[in-house]
Amino acid sequence: MSFEVTVQGEHHRLERAWTRFFKPNLGALVAELETIVVGQLKEAHLLLRSVGTADDKWDPVSFRRSAIEPHEQDDARGGQDVLIDAARDLLEWLVQNNPERAQGVIEEWASSGVPLLKRLVVHGVAVSPYLSPEEKLDWLLAKGWLFAYDLKHEVFQVIKVAYPQAGESNRLPILQAAERYPATGEEDDHKTRAYEMYNLLCWLTRVAPDCALAARKFRVVQDRCPEFEPRSYPDLDAWTETSVSPESPVTADQLLSRAPREAAEHLLARRAGGRRGPGLNDFLPATWEAAARSFDWSWRLALEFAARGEWNPDIWEAIFGGWAQSGLNTAQWERLLKLSKNHPEVLQFTRALAELLLKAVKNWEEGLRPFLSSLEALADQLWKVAETTSEMIRASGDWLLSAFSHAGGRLAEFWVYALYRRQAGKGKERVGLPGPYKERLARIISCTSAAAVMGRVILANQLHFLFTLDRGWTRENVIPLLDWAADREHAEQAWHGYLWYGRLSEPPLPDLLPLYEQACCELQRGPDEIRRHLHEHLAAIAVYGIADPLQGGWLNKCLLALGELGRVGWAQAVWRELASMPEEGTALLWDKWMARYWVNRINGIPAPLTPEEMKVMLDWSVHLRAVFPQVVDMIVSSPAPKLERGSFYFRLVDEGLATKYPKDTARLMIHLLSEAPSPFPHCHEVQKIYQQLIQTGGLAVEERLQLREQFLRVGCWVEDG
Numbered sequence: 001m002s003f004e005v006t007v008q009g010e011h012h013r014l015e016r017a018w019t020r021f022f023k024p025n026l027g028a029l030v031a032e033l034e035t036i037v038v039g040q041l042k043e044a045h046l047l048l049r050s051v052g053t054a055d056d057k058w059d060p061v062s063f064r065r066s067a068i069e070p071h072e073q074d075d076a077r078g079g080q081d082v083l084i085d086a087a088r089d090l091l092e093w094l095v096q097n098n099p100e101r102a103q104g105v106i107e108e109w110a111s112s113g114v115p116l117l118k119r120l121v122v123h124g125v126a127v128s129p130y131l132s133p134e135e136k137l138d139w140l141l142a143k144g145w146l147f148a149y150d151l152k153h154e155v156f157q158v159i160k161v162a163y164p165q166a167g168e169s170n171r172l173p174i175l176q177a178a179e180r181y182p183a184t185g186e187e188d189d190h191k192t193r194a195y196e197m198y199n200l201l202c203w204l205t206r207v208a209p210d211c212a213l214a215a216r217k218f219r220v221v222q223d224r225c226p227e228f229e230p231r232s233y234p235d236l237d238a239w240t241e242t243s244v245s246p247e248s249p250v251t252a253d254q255l256l257s258r259a260p261r262e263a264a265e266h267l268l269a270r271r272a273g274g275r276r277g278p279g280l281n282d283f284l285p286a287t288w289e290a291a292a293r294s295f296d297w298s299w300r301l302a303l304e305f306a307a308r309g310e311w312n313p314d315i316w317e318a319i320f321g322g323w324a325q326s327g328l329n330t331a332q333w334e335r336l337l338k339l340s341k342n343h344p345e346v347l348q349f350t351r352a353l354a355e356l357l358l359k360a361v362k363n364w365e366e367g368l369r370p371f372l373s374s375l376e377a378l379a380d381q382l383w384k385v386a387e388t389t390s391e392m393i394r395a396s397g398d399w400l401l402s403a404f405s406h407a408g409g410r411l412a413e414f415w416v417y418a419l420y421r422r423q424a425g426k427g428k429e430r431v432g433l434p435g436p437y438k439e440r441l442a443r444i445i446s447c448t449s450a451a452a453v454m455g456r457v458i459l460a461n462q463l464h465f466l467f468t469l470d471r472g473w474t475r476e477n478v479i480p481l482l483d484w485a486a487d488r489e490h491a492e493q494a495w496h497g498y499l500w501y502g503r504l505s506e507p508p509l510p511d512l513l514p515l516y517e518q519a520c521c522e523l524q525r526g527p528d529e530i531r532r533h534l535h536e537h538l539a540a541i542a543v544y545g546i547a548d549p550l551q552g553g554w555l556n557k558c559l560l561a562l563g564e565l566g567r568v569g570w571a572q573a574v575w576r577e578l579a580s581m582p583e584e585g586t587a588l589l590w591d592k593w594m595a596r597y598w599v600n601r602i603n604g605i606p607a608p609l610t611p612e613e614m615k616v617m618l619d620w621s622v623h624l625r626a627v628f629p630q631v632v633d634m635i636v637s638s639p640a641p642k643l644e645r646g647s648f649y650f651r652l653v654d655e656g657l658a659t660k661y662p663k664d665t666a667r668l669m670i671h672l673l674s675e676a677p678s679p680f681p682h683c684h685e686v687q688k689i690y691q692q693l694i695q696t697g698g699l700a701v702e703e704r705l706q707l708r709e710q711f712l713r714v715g716c717w718v719e720d721g
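Mapping of the sequence shown onto the UniProt record's numbering: residues 1 to 721, in sequence order.
Keep in mind that the hints are not guaranteed to be accurate.
[What the hints assert, rightly or not] In silico BS3-like links for lysine-lysine, alpha-carbon gap of 25 Å or less:
hint, residue 1, residue 2
1, 592, 557
2, 338, 362
3, 362, 384
4, 341, 384
5, 642, 592
6, 642, 688
7, 663, 688
8, 438, 362
[Stated by the list, open to error] Derived Cβ-Cβ restraints for the label pairs, each shown as a range:
hint, residue 1, residue 2, range
9, 347, 35, 40 to 50 Å
10, 47, 365, 20 to 30 Å
11, 365, 142, 28 to 38 Å
12, 389, 524, 45 to 55 Å
13, 504, 606, 19 to 29 Å
14, 504, 257, 46 to 56 Å
15, 546, 602, 50 to 60 Å
16, 329, 20, 48 to 58 Å
17, 43, 329, 29 to 39 Å
18, 35, 719, 48 to 58 Å
19, 344, 210, 55 to 65 Å
20, 602, 524, 20 to 30 Å
21, 655, 365, 18 to 28 Å
Think of the hints as simulated: they come from the structure by calculation, not from any bench. C-beta atoms are modelled at their ideal positions from N, C-alpha and C, and glycine is treated no differently.
With the hints as extra help, turn the sequences into a complete structure.
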């Protein structure tokens with residue numbers, strides 16, 4: 001089974017909307033669009049990681065895109081390309097118009113763990129007008145990305161624009177770095193390094209034909225390796241950590257036509273070749289595909305390697321990856337479990353086997369139920385291996401992405417899904433967490449290993465599910481992970497997991513609300529995406545929670561801690577919730593707390609209402625149709641925001657509120673236009689609103705005169721029809 005992330009809507013329409021409306025207005029919309037576009041790219045990558053088809057070096061969305069800039073090899077476009085183009089246009093606008101913000105975005109995306117965002121960062125450096133050629137080359141070397149396979153095209157573009165313009169003193173470090181290709185520890189390392197030096201020097205001589213230093217070093221490598229030939233596209237390289245190659249020297253059909261013994265000998269013999277030799281890595285995609293297509297053939301291949309005592313990680317992970325892609329039935333699982341007992345060496349491949357286990361409980365077949373205890377026992381063995389693996393825990397801008405790429409995170413996911421399968425077999429009966437699971441999850445919570453860190457992120461992510469199984473245990477063990485007062489590092493990691501996919505439910509809210517108050521203070525220095533998800537959580541609690549959010553003071557405390565920018569983000573999240581609610585639901589919400597909230601804000605509680613907040617709260621009115629006159633009362637009692645940009649007037653026309661509420665719409669327009677700038681950019685929309693008002697016949701002469709006076713003041717000509 002394969003997984004693919006798609007973008008809803010026809011890409012031609014999306015592309016037209018971007019190029020005609022959004023791109024020309026980036027000056028006004030760049031901040032909001034950056035949050036939306038980057039959020040979509042991150043979530044697409046996160047979904048792919050959750051099913052094991054992406055990691056921090058490779059994902060299929062990035063792989064299918066040859067270049068960030070328009071390129072001849074990217075002619076088959078789809079909705080994802082519109083998102084990539086949008087992110088590129090946003091970054092290009094920033095580097096041209098707001099270098100300080102651009103630098104912040106570059107550093108943020110560079111540490112995101114999302115391959116596509118890192119490629120966009122390198123592209124941004126390439127096109128940046130505020131960085132000198134020397135600074136671009138220094139930046140590239142400082143990042144250590146000169147030989148990053150997943151960034152190759154964009155890295156080569158930086159070299160293309162910067163190297164020819166740089167002085168000799170700055171060219172020399174690039175040439176020296178070309179001779180220090182990082183060792184990989186693979187058996188084909190020597191030939192790999194030789195070809196990569198050759199390829200980079202070939203590129204340098206193309207982009208800077210006058211560079212005698214590059215030409216001289218290129219000739220030395222040519223003489224040393226006469227079998228190497230220039231490629232048509234030295235800057236395009238599909239090789240990644242997962243060893244995906246654009247062209248494999250053998251197909252899966254050809255491998256399957258060979259006896260497993262012959263195939264094993266062939267693969268082992270290729271370990272001495274180079275990646276362009278071809279070497280072992282060239283054959284891994286076909287091995288993966290062959291394993292996915294034929295378990296029997298790949299099983300005999302695995303037995304060949306086991307009998308020879310060959311435990312090459314690339315080969316075994318390709319076999320396990322193929323099995324994870326196709327899934328194993330009960331008989332096949334029985335064989336694999338027996339293999340793990342007879343050959344405990346396979347347990348070293350913790351991540352690959354964890355993916356297999358996770359696939360089994362996600363794509364559940366009832367025939368596997370008798371084997372569930374055996375699968376759990378295998379997970380226990382893998383956990384012991386993962387626990388003893390020496391590994392540095394690095395700070396992450398997104399701990400959930402890190403957990404999805406780690407054996408510890410995948411094993412924790414397996415146990416959560418296995419719990420779900422066990423519970424599903426008991427119907428509505430709730431008996432709490434089984435004893436063995438309390439022990440497993442307690443190890444995750446209490447241990448200090450990297451595997452435990454990643455496992456805790458997953459447990460926080462699944463807090464609400466665990467709460468439904470065992471409220472007492474979850475209150476005592478999982479909810480405290482979110483407590484910043486107990487352990488700041490654990491809390492940051494847990495909130496990253498909880499906010500991304502934590503599902504809101506009413507029962508644990510009394511325990512969680514004090515922790516949300518902490519998070520509102522602590523996460524203001526966190527990544528933009530995490531803060532956005534926090535705002536969405538707070539909005540969902542306010543909109544869908546049973547209790548009045550103004551009682552107890554938690555909402556006011558949070559909004560005060562968030563600061564103006566956070567309050568704007570929260571108001572935007574509320575607006576998105578309102579947009580999806582039926583009219584009667586929004587009316588109930590207004591009576592429940594929104595009217596009192598607006599009065600409080602007018603009175604400066606918990607903080608004075610700012611123009612930026614008011615712009616967003618103005619958007620609420622479009623979705624509060626049933627109580628629109630009351631909303632207008634609040635708006636005209638609030639400071640009038642200056643709407644230089646945005647789509648409020650367009651939505652006011654589209655919703656037809658002027659037709660249903662002519663006098664209230666007229667009051668609203670007079671209030672807003674009194675502070676409108678001149679020249680006014682929304683004349684077309686307000687002319688339509690005025691025509692709707694005139695057609696109702698519900699305006700008094702004085703109201704019409706006041707409207708026309710405001711229209712003339714801002715330079716909009718209107719006619720009475």
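Provide an ascending list of the numbers of those earlier hints which the structure does not satisfy.
Of the numbered hints, 5, 11, 12, 15, 18, 21 do not hold.
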